[in-house]
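Novice: Whole structure, please, built from the sequences with the hints as guidance.
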Amino acid sequence: MNAMLELCVSTLTQGFIYALLSYGVYITYKILDFPDLTVDGSFPLGAAITGVLLVQGVNPFLTLLAALLIGAVAGFVTGFIHVKLGVRDLLAGIITMTALFSINLQIAGSNLAIERSIDTIFTSGPVMLLMGNASLIYRKFVVALVIAVGVKLILDWYLKTKSGLLLRAVGDNATLVTTLAKDKGNVKLLGLVIANALVALSGAIVCQEQRAFSSTMGTGQVVFGLAAVIIGTTLFRKMSFMKATTAVLIGSVFYKACIQVAISLGLPANLLKLATAVLFLVILVLGNKQKGGEEHA
Amino acid sequence: MKKFFALTMAMVMAAMVFTGCSTTTDNAEATENTDTAVSEDVPVIGISQYGQHASLDNCREGFLLGLEESGLVEGVDYVIDYQNAGFDDNIAQQIAQNFSAKNVALMCGIATNSATACYAAAEDKNIPVIFTAISDPVEAKLDSGNITGTSDKLPVEEQMKLIREIQPDAKTIGILYTTSEPNSVSAVREYEEKASQYGFTIEALGVTQQAEVLQAADTLIAKDIDCMTNLTDNNVVGVLPSILEKTNDANIPVYGSEIEQVKIGCVASAGIEYVALGKQTGAMAAKILKGEATAEEMPYETVSSFETYVNPSALAEMGLEVPASIAETAIDVTVTE
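Line order of the protein sequences matches chains L and S.
Sequential numbering of the first sequence, starting at 1, is according to the working numbering.
Sequential numbering of the second sequence, starting at 1001, is according to the working numbering.
The set of hints was computed from the structure by calculation and includes no laboratory data.
Note that beta-carbon positions come from the ideal geometry of N, C-alpha and C, so glycine has one too.
Among the hints, erroneous ones may be present.
To be verified - Examples of chain L residues lying across from chain S (beta carbon under 10 Å, computed):
id	residue
1	GLU6
2	SER10
3	SER135
Said to hold, decoys possible - Derived coverage of chain S by chain L (criterion: at least 3 residues anywhere in the stretch with Cβ under 8 Å from a Cβ of chain L; other residues may be distant):
id	region
4	1096 to 1102
5	1136 to 1144
6	1178 to 1184
7	1318 to 1326
Specialist: In structure tokens form, the structure reads like this:
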């Protein structure tokens, strides 16, 4: 098989899976204007839950549902600490993230491996029925694509509903929400719940894809999410036809592609992160230049 | 939806352009990525190292030596594609996928997270994976399948015997460890289980990140411990020099878990020599490359013998000396250096 094609497919797969996390960060950071650090904890939380349930023989698709729910709880906790207890937004996220580190260890231990004999969403149920003959890498690709696009469409729909419009209003103009006789605190809470449910779902799929959970897998995820959101929305901000969620999805793929390029360039291994950073910068600057460049990324 | 599909395709094509390869090459060879110009027939060994770390570096060096000592020649029998994940799980995953896409002949994962990522990426193609520097391959579920390697499980009992030789009156051993490092957690468990056989009690203190290690060291020193022993805990070993400053002030000897730690000031260690561990791994990899055995057939190996390392000047500072019973066999790191 063509190595380059395969590399692209697996990079896209990664981008799609992590797009779910990026949607979550998009909701909190872009829509709610809430820098939510819960992500570093809710991502491995989703992985821990799905990992433990898989090992116990639960249907892999059901474990995703469990991850969604528990991620929602994590988001609720951050929201509660911020809205009801009056703790500042950054600190509320830090508190939940810190607590989740211990909770994740309690749930799954420091590392958890899922044997190849255990079925995941990529090796069971409708996936095998529809494309059991395709190689695993393509199955992963299609599943990730369907989930990423499906969630995107649901999110697009939701943001147009009354509840979704209120969500958008809270970030832009909180006073408006109050004049509509709605509690802006509750709207924020809802946003955090949705965002962290998506983040946990992303973590759960990564866990199934990697067949492993590690307690450190959350480190740096919020940075990834922010980068994906900012890259996506910066690169495509002049394209009015494109939905922000689409831009975020592409931003996520883009980030993963940058890392893969840096790996593929065969630079000295220790320069990998520097190379990734330089690639980002170049692309963002070029993107800015093309479109007038008066705004900052 | 159409727009979206078009965009996705655009991304795929863009990614192809970035990686500098045209889609028309049907050949699955991986020439574009390796530094050395590779002819198609030379098998590629992808080495994925979890991070930059003296022990892991030694493993890699040893691995390369092991390949050479088995009679294989780099550039003729194999080429190396070495990648380092910088302790980032996400990058470790992408490195492994890179290897898998390039259809490398063998993946070598150094440390648990890299090996796990390699094994996941190799699932569909059954590319053999070889690992090293993993304490507990059984718990990591890397003990069966087309995978094998070497374990760096600490010689806990040897270490306690050594401490008893050097400090016959010691009662309490202090241990600092990271609660999220599985290797450390299982080592602490083993210490706690076996300590009473050697007349010790264990005072273990867990941290969650490197920033907390020095605070924890102060707490531990205040607990009236007779000595401290290290694990292969990256967070703790990373700030070892600062820990040693504190313990030296408090006159508490610190025992290392491998030679590098004794070199920088630990008094002694019954430990693993990672270059040797790497060599053992390299020899196993050579067997796979030569077709003498498959990874599936070979069980994972542990270090067959442990060396005793001592640092006489560090011992002298603590008012201790190398006991006669081990003086002959122990390796003086200040001399070999």
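Novice: Determine for every hint whether it applies to the structure shown.
Specialist: Against the structure, the hints come out as follows:
With a least beta-carbon distance of about 4 Å to chain S, the hint placing L/GLU6 at the interface is held under the 10 Å criterion. Restraint check, L/SER10 versus chain S: the minimum CB separation of about 4 Å is within 10 Å; hint holds. Here the hint on L/SER135 is kept, as its CB sits about 5 Å from the closest CB of chain S, short of 10 Å. With a threshold of 8 Å between beta carbons, the proposed coverage of the region 1096 to 1102 of chain S by chain L holds, since 5 of its residues qualify and at least three are required.
Evaluation of the coverage hint for the region 1136 to 1144 of chain S: fulfilled, as 4 residues show C-beta separations to chain L shorter than 8 Å, against a requirement of three. With 4 residues having a Cβ less than 8 Å from any Cβ of chain L, the region 1178 to 1184 of chain S passes the three-residue criterion, so the hint holds. Chain L is given as covering the region 1318 to 1326 of chain S, and this is violated because 0 residues of the stretch bring a CB closer than 8 Å to a CB of that chain, at least three being needed.
Of the numbered hints stated above, the single one contradicted by the structure is hint 7.
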